[in-house]
Amino acid sequence: MTIINNILAFFKKPQSETKDEAPEGVCALCWGFQEYDGKLRKLFKDKQVDVNNHKDSFMLVQRFVREHVDGYHIKEGLVHVCPNCSALEDDKEKITKFDPAALEES
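Taking the numbering used here, the leading residue of the sequence shown gets 32, the next gets one more, and so forth.
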């Protein structure tokens, strides 16, 4: 029997007979199971690998923020100046970074 016939025969059997099994001539590792110490063990997905490959899963709060929060917006176009900033030399506590009216027009 060829490997293709083995695979076809495997999938024709009921799932109860094929659970935790692999078709004849096919490595169990290729089918999502690992054998260790003579026992077949289910393969678990390592979440850290996904994080390292930029396919991380989001926590509940992270997912909510990503879906519902649309970044930061400056209220009325005013920015508070830091005490070390040169703008405070002119006795200003706030400076205008852009014209808010120009934003409303576009």
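No lab work stands behind these hints: they were computed from the structure. Don't take each hint at face value.
Quick list of the computed label-pair ranges, beta carbon to beta carbon [as the list claims (entries may be wrong)]:
{"#": "1", "residue 1": "100", "residue 2": "49", "range": "43 to 49 Å"}
{"#": "2", "residue 1": "98", "residue 2": "70", "range": "41 to 47 Å"}
{"#": "3", "residue 1": "51", "residue 2": "94", "range": "32 to 38 Å"}
{"#": "4", "residue 1": "70", "residue 2": "47", "range": "17 to 23 Å"}
{"#": "5", "residue 1": "40", "residue 2": "70", "range": "40 to 46 Å"}
{"#": "6", "residue 1": "95", "residue 2": "33", "range": "50 to 56 Å"}
{"#": "7", "residue 1": "99", "residue 2": "40", "range": "50 to 56 Å"}
{"#": "8", "residue 1": "70", "residue 2": "44", "range": "43 to 49 Å"}
{"#": "9", "residue 1": "46", "residue 2": "95", "range": "51 to 57 Å"}
{"#": "10", "residue 1": "33", "residue 2": "99", "range": "52 to 58 Å"}
{"#": "11", "residue 1": "92", "residue 2": "46", "range": "44 to 50 Å"}
{"#": "12", "residue 1": "95", "residue 2": "40", "range": "45 to 51 Å"}
{"#": "13", "residue 1": "50", "residue 2": "95", "range": "47 to 53 Å"}
Straight-line distance between alpha carbons at most 27 Å, and here's what the computed DSS-like set of lysine-lysine pairs gives [to be verified]:
{"#": "14", "residue 1": "44", "residue 2": "70"}
{"#": "15", "residue 1": "50", "residue 2": "70"}
{"#": "16", "residue 1": "70", "residue 2": "43"}
Glycine residues also receive a C-beta, built at the ideal position from the N, C-alpha and C atoms.
Honestly, which of those hints from before does the structure not fit? As far as the earlier hints go, 5, 8, 9, 11 and 13 are violated by this structure, in ascending order.
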